[in-house]
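Novice: Letter by letter, the chains look like this.
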Amino acid sequence: MLAKRIIPCLDIRDGQTVKGINFVNIINVGDPVELGKLYAEQGADELVFLDITATHEGRKTFVELVRRIAQNLDIPFTVGGGISEIKDAEALLAAGADKISINSSAVQNPQLIDDLARNFGSQFVVVAIDAREANNHWTVTVNGGRIPTEKELFSWAKEAENRGAGEILFTSMNHDGTKNGFANMELAKLSENLTIPLIASGGAGTMEHFADVFTIGKADAGLAASIFHFREIAIPDLKHYLRGQGICVR
Amino acid sequence: MKIVIIKYNAGNIRSVDFALQRLGVSALITADHDEIRNADHVIFPGVGEASTTMSYLKHHKLDTLICDLRQPVLGVCLGLQLMCSYSEENDTECLGIFPEKVRKFIPQPEDTTLFKVPHMGWNSISGLKTTLFDNISEEEYFYFVHSYYATTGVDTIATCNYLIPFSAALNRNNYYATQFHPEKSGKTGAKILENFINLKV
Chain R
406 MLAKRIIPCL
416 DIRDGQTVKG
426 INFVNIINVG
436 DPVELGKLYA
446 EQGADELVFL
456 DITATHEGRK
466 TFVELVRRIA
476 QNLDIPFTVG
486 GGISEIKDAE
496 ALLAAGADKI
506 SINSSAVQNP
516 QLIDDLARNF
526 GSQFVVVAID
536 AREANNHWTV
546 TVNGGRIPTE
556 KELFSWAKEA
566 ENRGAGEILF
576 TSMNHDGTKN
586 GFANMELAKL
596 SENLTIPLIA
606 SGGAGTMEHF
616 ADVFTIGKAD
626 AGLAASIFHF
636 REIAIPDLKH
646 YLRGQGICVR
Chain A
2 MKIVIIKYNA
12 GNIRSVDFAL
22 QRLGVSALIT
32 ADHDEIRNAD
42 HVIFPGVGEA
52 STTMSYLKHH
62 KLDTLICDLR
72 QPVLGVCLGL
82 QLMCSYSEEN
92 DTECLGIFPE
102 KVRKFIPQPE
112 DTTLFKVPHM
122 GWNSISGLKT
132 TLFDNISEEE
142 YFYFVHSYYA
152 TTGVDTIATC
162 NYLIPFSAAL
172 NRNNYYATQF
182 HPEKSGKTGA
192 KILENFINLK
202 V
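Chains as they are written, first to last, in my numbering: chain R, 406 to 655; chain A, 2 to 202.
Treat the hints as calculated values from the structure; they're not laboratory data.
Every residue, glycine too, gets a C-beta built ideally from N, C-alpha and C.
Misleading hints may appear alongside valid ones.
Far from chain A, some chain R residues (derived; all Cβ distances over 12 Å) [stated by the list, open to error]: (1) ILE480; (2) GLN528; (3) ASP581; (4) ASP617.
Chain R side only, calculated, beta carbon under 8 Å to chain A, not exhaustive [to be verified]: (5) MET406; (6) LYS442; (7) GLN447; (8) PRO481; (9) ALA522; (10) GLY526; (11) GLU597.
Distance condition first, Cα-Cα at most 20 Å in a straight line; then the derived EDC-like pairs of lysine to aspartate or glutamate [unchecked claim]: (12) A:LYS8 to R:GLU495; (13) R:LYS594 to A:ASP112; (14) R:LYS563 to A:ASP112; (15) A:LYS102 to A:GLU89; (16) A:LYS102 to A:GLU140; (17) A:LYS130 to A:GLU140.
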């Protein structure tokens with residue numbers, strides 16, 4: 406049976422992990438490669454590395470980092486942040502990335518999804534959507550949730566699929582950082598509307614939240630950052646718990 | 002020992018090279034016919050589209066070369082599909098090393114949330130045969146990402162279940178192929194690559 410995936414997400418600035426403290430068994434938690442390897446050994450199914458560097462110099466560092474990640478990591482990984490044209494994606498693919506994630510650039514230029522899928526295949530293209538709910542309307546936002554757009558969550562997700570996205574990564578800005586659980590109702594609706602896999606993000610606080618996101622939210626994968634980085638939930642414990650709940654995990 | 006990774010117009014080639022490096026083995030990535038013919042082991046990886054890739058192989062006469070190889074050959078993902086007889090992906094005649102055919106996964110209309118296409122993520126395999134799976138247990142998980150699958154048949158040496166049972170791995174004579182990505186399947190995947198490079202023909 407296809408296993409539900411657990412995906413830690415690492416924020417990278419100037420080649421270093423932004424969060425990530427207190428790991429006793431690795432020397433340099435700031436090194437994304439070390440942290441990534443640790444997660445892989447603990448049973449993470451995939452990893453996401455998000456580059457939050459703004460400078461051009463930092464971008465070059467990130468491509469070099471992706472190469473080092475690909476050399477060292479034996480599970481698939483997605484890279485995102487600052488990808489706005491084909492040549493950005495090309496550099497990351499050449500460095501060894503399995504998938505890229507695009508967010509604001511896809512909203513601003515939806516044709517980018519078509520172009521990336523045609524050039525590199527749908528399996529390479531994850532479309533990340535940050536959306537915020539107000540008055541029962543889910544507005545797609547960009548720039549880390551700060552700027553609302555004209556787009557609506559459900560129609561934008563379907564459009565991204567039709568344009569050739571291989572996966573949708575949905576983050577509820579209402580739930581992100583709350584640790585009160587994922588946006589399960591919206592995730593279930595998205596999952597029913599899409600034929601491609603759905604990654605849930607935003608709101609993970611407990612192991613129960615992951616069980617809920619796979620059963621109620623009907624997501625194919627659950628992504629989280631701080632609960633893993635701050636060791637609030639250990640991946641082996643989470644997998645053990647989910648298995649006990651009858652959820653198929655690796 | 003000389004290992005060659007066939008270079009062609011497909012992605013994912015570097016990942017296989019990195020996985021071999023982690024095993025302490027270096028490989029040559031090349032499209033040179035003599036280098037490929039004289040290798041001890043040949044790996045035919047790939048992510049991409051069937052018809053354009055077949056055209057590329059034919060144009061570079063790699064199709065007949067691959068079919069004439071005598072040393073152990075390992076196809077991965079698209080490599081497996083191209084080694085079959087036919088692919089529904091743009092109605093493509095393939096290399097015909099394996100008689101199995103390649104079909105498209107059709108999402109279940111009753112409940113699309115259970116079976117997404119592409120089949121993406123870790124799935125378990127069973128019915129393991131041949132030394133390629135030495136020291137690998139039944140129901141181990143491997144990483145898959147594909148929208149087309151090879152049917153099961155006489156050459157099936159591992160089966161995976163997604164919507165229907167399909168060939169997770171195939172073998173005929175010196176030819177081996179996996180639909181999953183051993184280079185991305187953690188320690189168990191590394192074991193498959195190690196078993197492959199230990200194969201003698």
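Novice: Which of the listed hints are broken here?
Specialist: Hints 1, 2, 6, 7, 9, 16 not satisfied by this model.
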